[in-house]
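**Student:** So you can see what is in the structure, the chains are spelled out below.
Protein chains: 2
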Amino acid sequence: MPNIPHLDRLVRALKRLPGVGPRQAERFAAYFLRASRGEVEEFMAALSEMKAAVVLCPQCFAYSENGLCEICRDTDRNTSQICVVEDPQDIEAIEKTRAYKGLYHVLHGAISPMDGRGAEQVKVRELLSRVQQATTPIKEIILATDPDSEGETTALYLADLLRGQVEQITRIGYGVPLGGDIDYMDEMTLGYSLKGRTKI
Amino acid sequence: MPNIPHLDRLVRALKRLPGVGPRQAERFAAYFLRASRGEVEEFMAALSEMKAAVVLCPQCFAYSENGLCEICRDTDRNTSQICVVEDPQDIEAIEKTRAYKGLYHVLHGAISPMDGRGAEQVKVRELLSRVQQATTPIKEIILATDPDSEGETTALYLADLLRGQVEQITRIGYGVPLGGDIDYMDEMTLGYSLKGRTKI
Numbered sequence: 008m009p010n011i012p013h014l015d016r017l018v019r020a021l022k023r024l025p026g027v028g029p030r031q032a033e034r035f036a037a038y039f040l041r042a043s044r045g046e047v048e049e050f051m052a053a054l055s056e057m058k059a060a061v062v063l064c065p066q067c068f069a070y071s072e073n074g075l076c077e078i079c080r081d082t083d084r085n086t087s088q089i090c091v092v093e094d095p096q097d098i099e100a101i102e103k104t105r106a107y108k109g110l111y112h113v114l115h116g117a118i119s120p121m122d123g124r125g126a127e128q129v130k131v132r133e134l135l136s137r138v139q140q141a142t143t144p145i146k147e148i149i150l151a152t153d154p155d156s157e158g159e160t161t162a163l164y165l166a167d168l169l170r171g172q173v174e175q176i177t178r179i180g181y182g183v184p185l186g187g188d189i190d191y192m193d194e195m196t197l198g199y200s201l202k203g204r205t206k207i
Numbered sequence: 008m009p010n011i012p013h014l015d016r017l018v019r020a021l022k023r024l025p026g027v028g029p030r031q032a033e034r035f036a037a038y039f040l041r042a043s044r045g046e047v048e049e050f051m052a053a054l055s056e057m058k059a060a061v062v063l064c065p066q067c068f069a070y071s072e073n074g075l076c077e078i079c080r081d082t083d084r085n086t087s088q089i090c091v092v093e094d095p096q097d098i099e100a101i102e103k104t105r106a107y108k109g110l111y112h113v114l115h116g117a118i119s120p121m122d123g124r125g126a127e128q129v130k131v132r133e134l135l136s137r138v139q140q141a142t143t144p145i146k147e148i149i150l151a152t153d154p155d156s157e158g159e160t161t162a163l164y165l166a167d168l169l170r171g172q173v174e175q176i177t178r179i180g181y182g183v184p185l186g187g188d189i190d191y192m193d194e195m196t197l198g199y200s201l202k203g204r205t206k207i
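Chains as they are written, first to last, in the working numbering: chain A, 8 to 207; chain B, 8 to 207.
Keep in mind that the hints were calculated from the coordinates and are not lab data.
Fair warning: there could be bad hints in the mix.
Pairs of lysine-lysine, PhoX-like flavour, derived with a Cα cap of 20 Å [what the hints assert, rightly or not]:
(1) A:LYS108 <-> A:LYS146
(2) B:LYS146 <-> B:LYS108
(3) B:LYS58 <-> A:LYS22
(4) A:LYS202 <-> A:LYS146
(5) A:LYS103 <-> A:LYS202
(6) B:LYS22 <-> A:LYS22
(7) B:LYS22 <-> A:LYS58
(8) A:LYS108 <-> A:LYS202
Produce the complete structure using the sequences and hints provided.
**Tutor:** Set out below in structure tokens:
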């Protein structure tokens with residue numbers, strides 16, 4: 008829109024949202040312009056309170072509202088299994104399968120040498136010390152990183168790193184199509200891939 | 008994500024953005040979670056300052072930062088022509104053509120009886136009184152509403168309403184878009200483009 012600096016600034020901020028281009032950012036800005044003052048205030052309150060309240064679980068690095076997350080606190084979970092995922096959203100997808108009752112570990116990304124992202128940029132060191140300091144020994148680590156090249160690289164790197172530290176290291180395998188994204192997988196496929204996990 | 012009320016509330020607010028589903032809203036929420044405190048603050052400042060600063064131009068109802076918009080204030084524009092559009096974003100698209108030097112009138116929507124949106128819900132009354140009270144008489148009204156059923160209904164309604172009030176009422180031409188492929192064109196468009204053929 009011609010020369011409305013305040014609008015341009017909001018459009019620039021909206022363009023930083025993942026997958027949002029200039030056209031969609033303008034539509035979002037137009038929505039906020041049309042929205043009532045109350046709606047915009049609710050949006051800003053939701054954003055700022057979320058930012059203040061939501062933290063990372065100090066054990067598994069999933070989202071949490073205070074201290075340990077719900078899953079880490081749950082005494083009914085099998086604490087000898089850790090399922091390693093790239094993103095917090097992946098946990099929800101796996102929980103929906105009801106095929107897994109252990110704990111999680113969120114890496115917050117994958118190792119990607121091409122993008123200059125090494126093991127230090129993701130929560131790998133935290134996983135290693137968690138395994139080494141566990142009060143109940145970890146029997147199995149399930150590597151549930153995405154079935155794409157970064158996810159595979161990360162799984163192989165973690166398998167090497169953790170070998171000898173735990174009884175079993177497994178990789179989800181059955182049914183996940185290569186090039187896919189854990190987050191978008193249907194429950195059936197993901198359930199099969201958990202049941203059919205193989206040793207690496 | 009399992010039971011993080013603050014996150015759920017933000018996801019609900021993000022789902023109100025036009026065209027955003029639950030999955031994309033979750034991705035946006037995850038972006039805000041990962042974003043630095045400063046980035047989120049800049050976003051909120053951009054939103055709240057835009058909301059406070061940007062108003063509708065009292066003459067043409069385009070966005071403006073104070074009083075008349077830039078185009079209405081521009082003394083080089085032809086004030087005897089008004090191009091009627093549905094949305095403020097349409098102005099930018101038309102300006103980019105450099106084919107028009109008159110003024111605009113933004114309806115903020117189209118008449119759509121199916122959705123219960125009549126002439127009172129869009130800026131039709133304002134257009135009529137603008138035409139009637141113009142200091143330099145309006146010679147031409149160009150109806151540039153969208154070429155869909157609501158846009159057509161609106162154009163026909165406005166043409167009836169304004170007949171006799173201005174010298175000319177025109178509708179943007181229909182035809183095959185440049186760079187298009189005759190083979191892939193729908194019959195309606197191709198039919199219009201044949202009816203609207205010009206001598207070369």
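**Student:** Output the numbers, in ascending order, of every earlier hint that fails for this structure.
**Tutor:** Result: no hint breaks.
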